[in-house]
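A.B. asks: Chains A and B, in that order, give the protein sequences. If you're matching positions, the first sequence starts at 1 in the numbering used here and goes up one per residue. If you're matching positions, the second sequence starts at 1001 in the numbering used here and goes up one per residue.
Hints listed in this document are in silico derivations from the structure and should not be mistaken for laboratory results. Built from N, CA and C at the ideal position, the CB exists for glycine as well. All clues stand as given, with none of them false.
Think about it this way: if two alpha-carbon atoms lie no more than 35 Å apart in a straight line, the pair counts; the simulated DSBU-like pairs of lysine-lysine are:
| hint | chain 1 | residue 1 | chain 2 | residue 2 |
| --- | --- | --- | --- | --- |
| 1 | B | K1057 | A | K68 |
| 2 | A | K56 | B | K1071 |
| 3 | A | K99 | B | K1071 |
| 4 | A | K60 | B | K1071 |
| 5 | A | K56 | A | K77 |
| 6 | B | K1057 | A | K56 |
Now the stretches of chain B that chain A is said to cover, found in silico as 3 or more residues with beta-carbon under 8 Å:
| hint | stretch |
| --- | --- |
| 7 | 1034 to 1043 |
| 8 | 1104 to 1113 |
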Amino acid sequence: GDSVTQMEGPVTLSEEAFLTINCTYTATGYPSLFWYVQYPGEGLQLLLKATKADDKGSNKGFEATYRKETTSFHLEKGSVQVSDSAVYFCALKNTGFQKLVFGTGTRLLVSP
Amino acid sequence: NAGVTQTPKFQVLKTGQSMTLQCAQDMNHNSMYWYRQDPGMGLRLIYYSASEGTTDKGEVPNGYNVSRLNKREFSLRLESAAPSQTSVYFCASSSGQGEGEAFFGQGTRLTVV
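Construct the complete structure from the given sequences, taking the supplied hints into account.
C.D. replies: Following this line, the structure appears as structure tokens:
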């Protein structure tokens, strides 16, 4: 079945550091890919998405590129802030299916 | 801008008790979902409803039942709670079409003692 693998956390960075959170997927067909973010005590909210190969999703300084050849959708940000501290989830949704499949989440901790 | 509303936010149950988690969305979405979130496990799908009148099992349906009461509401019932059901439960909805994003409620933190 479809699955998503994320790097283990926590990822601990200083403010203004470069962020990469790795995400790879296994799926039949042509899934859409998502990054969701969960701030403490809250539900998940969509950060960015990409619906086809080579698409780049971006939002709030975060970017991720849909790489079909490596089945990856790594999340990057050039300069993180303390307010970016949260748990980040990679997810996929396959064509014709209603279900979102999530990775295990990666906690990001940014210190001043 | 209510979005997806879950009740209650917190609940403590004794083993064997029953309860229903309520979820309502006001976005006219077709699809609704129940997930549980456990440390190191990410979000796992319990049940989902692709449209009003239909429900399907997800990855971890045992011990749960659901009801899609109407297009707005999707409830999750624990008939006989067990400590293994201690978790944070999230309801979500989406248009169900194409790559429509899912919108999540704030979650219900359930502890079974």
